[in-house]
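Based on the provided sequences and hints, a complete structural model is requested.
Protein chains in written order, with this note's numbering: chain A, 1 to 365; chain B, 1 to 413.
It is worth saying that the hints were derived from the structure and are not from the lab.
Just so you know, even glycine gets a beta-carbon here, dropped at the ideal spot from N, CA and C.
Worth double-checking, as some hints may not be accurate.
[What the hints assert, rightly or not] If you want a taste of the chain B side facing chain A, the calculated C-beta under 8 Å gives, among others:
#: 1; residue: M1
#: 2; residue: A2
#: 3; residue: R6
#: 4; residue: P8
#: 5; residue: K43
#: 6; residue: A44
[Claimed, not checked] In the EDC-like style, the derived pairs of lysine to aspartate or glutamate whose C-alpha atoms are separated by at most 16 Å in a straight line are:
#: 7; chain 1: B; residue 1: K272; chain 2: B; residue 2: E254
#: 8; chain 1: B; residue 1: K193; chain 2: B; residue 2: E254
#: 9; chain 1: B; residue 1: K43; chain 2: A; residue 2: E276
#: 10; chain 1: B; residue 1: K272; chain 2: B; residue 2: E294
#: 11; chain 1: B; residue 1: K43; chain 2: B; residue 2: E4
#: 12; chain 1: B; residue 1: K293; chain 2: A; residue 2: E243
#: 13; chain 1: B; residue 1: K43; chain 2: A; residue 2: D264
#: 14; chain 1: B; residue 1: K293; chain 2: B; residue 2: E268
#: 15; chain 1: B; residue 1: K293; chain 2: A; residue 2: D264
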Amino acid sequence: MVDTIAYPVQLIQPDGRRVFRPDYTSLVRDIGPDQLRDLYEDLVVARRMDVEAVALQRQGELGLWAPLLGQEAAQVGSARALRPDDYAFISYREHAVAYCRGVDPGVMTRMWRGCAHFAWDPSSVNVTNPAIVVGSQGLHATGYAMGAHLDGAEIATIAYFGDGATSQGDIAEALGFSMSFNAPVVFFCQNNQFAISEPVHLQSPVPIAQRAAGYGMPAVRVDGNDVLAVLAVTRQATQRAREGSGPTFIEAVTYRMGPHTTSDDPTRYRAAAETEVWKARDPIDRIRRLLDREDLLDDVFLARVQATADDVAARLRSGTVEAPDPAPLDLFEHVYSTDHPLIDEEREQYAAYLAGFAGIEEALS
Amino acid sequence: MAHEFRLPDLGEGLTEAELVSWAVDVGQTIALNQVIGEVETAKALVELPSPYAGVVEELLVSPGTTVPVGTPIIRITTDAGTEEPPARTPVLVGYGPGAPAASKRARRKTVTAPEAGAVPDRRRPDASPAARAAARELGIDLDLIAGTGPSGAVTRSDVEARTGSARPDTPPAPESPQSPERETRTPIRSVRKQTADAMVRSAFTAPHVTEFVTVDVTRSMELLDRLRELPEFEGLSVTPLTLVAKAMVVALRENPSLNASWDGEHQEIVTKHYVNLGIAAATPRGLVVPNVKEAQTLSLLELCRAITELTATARSGRATPAQLTGGTASITNVGVFGVDAGTPILNPGESAILCLGSVTRRPWVHEDELAVRWVTTLSVSFDHRVVDGEQGSRFLASVAGMLHDPASLLAHL
Ligand SMILES: Cc1ncc(C[n+]2csc(CCOP(=O)(O)OP(=O)(O)O)c2C)c(N)n1
Numbered sequence: 001m002v003d004t005i006a007y008p009v010q011l012i013q014p015d016g017r018r019v020f021r022p023d024y025t026s027l028v029r030d031i032g033p034d035q036l037r038d039l040y041e042d043l044v045v046a047r048r049m050d051v052e053a054v055a056l057q058r059q060g061e062l063g064l065w066a067p068l069l070g071q072e073a074a075q076v077g078s079a080r081a082l083r084p085d086d087y088a089f090i091s092y093r094e095h096a097v098a099y100c101r102g103v104d105p106g107v108m109t110r111m112w113r114g115c116a117h118f119a120w121d122p123s124s125v126n127v128t129n130p131a132i133v134v135g136s137q138g139l140h141a142t143g144y145a146m147g148a149h150l151d152g153a154e155i156a157t158i159a160y161f162g163d164g165a166t167s168q169g170d171i172a173e174a175l176g177f178s179m180s181f182n183a184p185v186v187f188f189c190q191n192n193q194f195a196i197s198e199p200v201h202l203q204s205p206v207p208i209a210q211r212a213a214g215y216g217m218p219a220v221r222v223d224g225n226d227v228l229a230v231l232a233v234t235r236q237a238t239q240r241a242r243e244g245s246g247p248t249f250i251e252a253v254t255y256r257m258g259p260h261t262t263s264d265d266p267t268r269y270r271a272a273a274e275t276e277v278w279k280a281r282d283p284i285d286r287i288r289r290l291l292d293r294e295d296l297l298d299d300v301f302l303a304r305v306q307a308t309a310d311d312v313a314a315r316l317r318s319g320t321v322e323a324p325d326p327a328p329l330d331l332f333e334h335v336y337s338t339d340h341p342l343i344d345e346e347r348e349q350y351a352a353y354l355a356g357f358a359g360i361e362e363a364l365s
Numbered sequence: 001m002a003h004e005f006r007l008p009d010l011g012e013g014l015t016e017a018e019l020v021s022w023a024v025d026v027g028q029t030i031a032l033n034q035v036i037g038e039v040e041t042a043k044a045l046v047e048l049p050s051p052y053a054g055v056v057e058e059l060l061v062s063p064g065t066t067v068p069v070g071t072p073i074i075r076i077t078t079d080a081g082t083e084e085p086p087a088r089t090p091v092l093v094g095y096g097p098g099a100p101a102a103s104k105r106a107r108r109k110t111v112t113a114p115e116a117g118a119v120p121d122r123r124r125p126d127a128s129p130a131a132r133a134a135a136r137e138l139g140i141d142l143d144l145i146a147g148t149g150p151s152g153a154v155t156r157s158d159v160e161a162r163t164g165s166a167r168p169d170t171p172p173a174p175e176s177p178q179s180p181e182r183e184t185r186t187p188i189r190s191v192r193k194q195t196a197d198a199m200v201r202s203a204f205t206a207p208h209v210t211e212f213v214t215v216d217v218t219r220s221m222e223l224l225d226r227l228r229e230l231p232e233f234e235g236l237s238v239t240p241l242t243l244v245a246k247a248m249v250v251a252l253r254e255n256p257s258l259n260a261s262w263d264g265e266h267q268e269i270v271t272k273h274y275v276n277l278g279i280a281a282a283t284p285r286g287l288v289v290p291n292v293k294e295a296q297t298l299s300l301l302e303l304c305r306a307i308t309e310l311t312a313t314a315r316s317g318r319a320t321p322a323q324l325t326g327g328t329a330s331i332t333n334v335g336v337f338g339v340d341a342g343t344p345i346l347n348p349g350e351s352a353i354l355c356l357g358s359v360t361r362r363p364w365v366h367e368d369e370l371a372v373r374w375v376t377t378l379s380v381s382f383d384h385r386v387v388d389g390e391q392g393s394r395f396l397a398s399v400a401g402m403l404h405d406p407a408s409l410l411a412h413l
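Here's what the structure looks like:
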């Protein structure tokens, strides 16, 4: 076995050539020309969607957005390894995971627009809504995985979080607990090199994946800009989970090309030269070069991909600008799934407060 | 129909932003999401994509102006329909493209007017953090300023507009057009402040020595003319500085003590085996010294390109912290201002700074005869704790030699 911490798994090189790595190639043997093309399409759509959302934020239609630019392969590769009944607990940047799980692009921005507490029904697609609380995904996923385990369901649960989140107690607890109880969970860390403005070496002097060893957990480091490699390692980890072999830690080494969110300026905390280096490792360019080398690119295909991407972006835009503004009392909906006396009382009090303003505007004008 | 695009909140609750530049002109046809201009908030410099496809009818804000969130900044005509879209109110405070709500706050206040005998309203005046900071810095009482921001909030420009003007409770001084202000007081801030601190620190910690040499650089000037004709150098600024930089990198290799720093804390001299070459640049924000990383690895062409880019970035005020730190030795070019020579002050942490004077035609003894030659004066200041006179002199003579006969540079490439 090759040491994947020192040599992260890679199946496609930045110039599009394949890497000979039998142990992992066998995991993606079924990915032929059509499947490769589909992965390419997903990557292009993910980027297009993200670019549209950033534009919408600049146009005042969204309060905030956390761009995924540069992380498409880590998200698409891992999400495409999941089966429909697997369950994903995402953080706030996994828009491509949501898309791959079948979330309607038209509802994707609701939370970011501030017009709803939720964007979609999680149980309809087995992926949670964006969660801002850093690291919470680890515990939620572990809990769900334990439940599924006790129910005898042969599914995998995956938790998405960043490099920064590994400094969070929640992740440490999740790793410890899941290992002790053999929970069928995959910890998927996208190491995009930054926690807001703090570089990853401030979080850990060793590769993030190496931390799993302290819990006795198998870990693998993968080139996060290589969609095929990510697909392979995630398939391996989810398979382990479904078979009851316990948790796995994956560190996908990638790079956040844009800001942390639309409200910060990455040029203030990192050098342009560094970003340039990563540009050469762009996940979309890489698979495009592979397709080109293997003679799988043609104009009809490229036009189809572009049309799909534009269509998804248009749905995201119209869903955003047409989202109805909520009524003030909607605030109390969806806090609990059933009626709750305290919420009812608060709703009444707030309604009375709002009613107190009735007639004031006219009286004053 | 015409749509007005209002300045959105670009950074989670910011109240205002400066319109830096427009990327479109009146009459221009633009596409959805086409970049129309650049805006700088307290947090970031960002591009604004157009929310409409259509024709630019009017630019409502001129570059350099700071406007509150919600201000219409551009009018775009689209050919879609004639109906005004339903008016939307922002979903969250300061969010969304709606106009700032009509002064609700004031009305609310009327309703809850204090009862007789109640404590007077000691609420802080409504002002943006930037305005508060500016007011504190300038010693102005925020209570005395009428705000022009949303809901009457005081903005930074309101504060700045008051600088130097009389307070409302003192009668305004009679204006006399013949007596312009005899003094202007400019707060010492940002780059100017940092430059000043750095210079004082440098001048009073590192014992400076400066040496001069005047040299005939005619052949270098001829070489530069030739380089400018090469297609590779097209679009680059090929100047005496280019050659000086190359010569300096070579001379530093031979005289490493000038590429070292004094570490007083550990009582060590740290000799660098790489050259991050600082280039002092005069920018609208003041003096900054960005550096070319790993200059010892660059060919003349690469060096020329790096300097061209670096100085352009610095002049546009966008040098990154990484570009501005980590320098090992620097060059300052006073020659561009037509000055013969100077005694430069070391960039803190470095041990040498080379100063290039103007390159001019002067009478010069050339091959035993008086001739008109291109001549310049180079000077170098060095930290005498780290560099001895011998090393400093050798370094300067070496740079001068390579500029006198640039062919000798070739031997070191
Ligand atoms: C519990 C918690 N602490 C702090 C924050 C503030 N916060 C938001 S994002 C972030 C950085 C997270 O970095 P990382 O885990 O690397 O994820 P990335 O943003 O790079 O995807 C922090 C500290 C938070 N949301 N939740």
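Hints, verified against the model:
Proximity of M1 of chain B to chain A is violated relative to the hint, the smallest CB-CB distance being about 16 Å (cut-off 8 Å). The beta carbon of A2 of chain B is not positioned within 8 Å of any beta carbon in chain A (closest approach about 17 Å), and the interface hint is therefore violated. The interface hint given for R6 of chain B is met, as the beta carbon of that residue sits about 7 Å from the closest beta carbon of chain A, less than 8 Å. Checking P8 of chain B against chain A by beta carbon gives a least distance of about 3 Å; that is within 8 Å, so the hint holds.
Checking K43 of chain B against chain A: minimum C-beta separation of about 6 Å stays under 8 Å; hint holds. With its C-beta approaching chain A no nearer than about 3 Å, A44 of chain B sits inside the 8 Å limit, and its interface hint holds. As the CA atoms of K272 of chain B and E254 of chain B are separated by approximately 12 Å, the hinted pair is consistent with the 16 Å bound. Proposed proximity of K193 of chain B and E254 of chain B is contradicted: the alpha carbons are some 36 Å apart, above 16 Å.
Proposed proximity of K43 of chain B and E276 of chain A is contradicted: the alpha carbons are some 23 Å apart, above 16 Å. Between K272 of chain B and E294 of chain B the CA atoms are separated by roughly 11 Å; this keeps the pair inside 16 Å, and the hint holds. Restraint check: the Cα-Cα separation between K43 of chain B and E4 of chain B comes to about 25 Å, which exceeds 16 Å; the hinted pair is violated. At most 16 Å may separate the alpha-carbon atoms for a hinted pair to count; K293 of chain B and E243 of chain A exceed this at roughly 52 Å.
The hinted pair formed by K43 of chain B and D264 of chain A meets the criterion: a straight-line CA distance of about 6 Å does not exceed 16 Å. Under the criterion of a C-alpha separation no larger than 16 Å, the hint pairing K293 of chain B with E268 of chain B is inconsistent with the structure, at around 23 Å. Using a Cα cut-off of 16 Å, the hinted pair K293 of chain B and D264 of chain A is violated, with the two alpha carbons roughly 26 Å apart.
Taken one by one, the earlier hints fail for this structure at numbers 1, 2, 8, 9, 11, 12, 14, 15, listed in ascending order.
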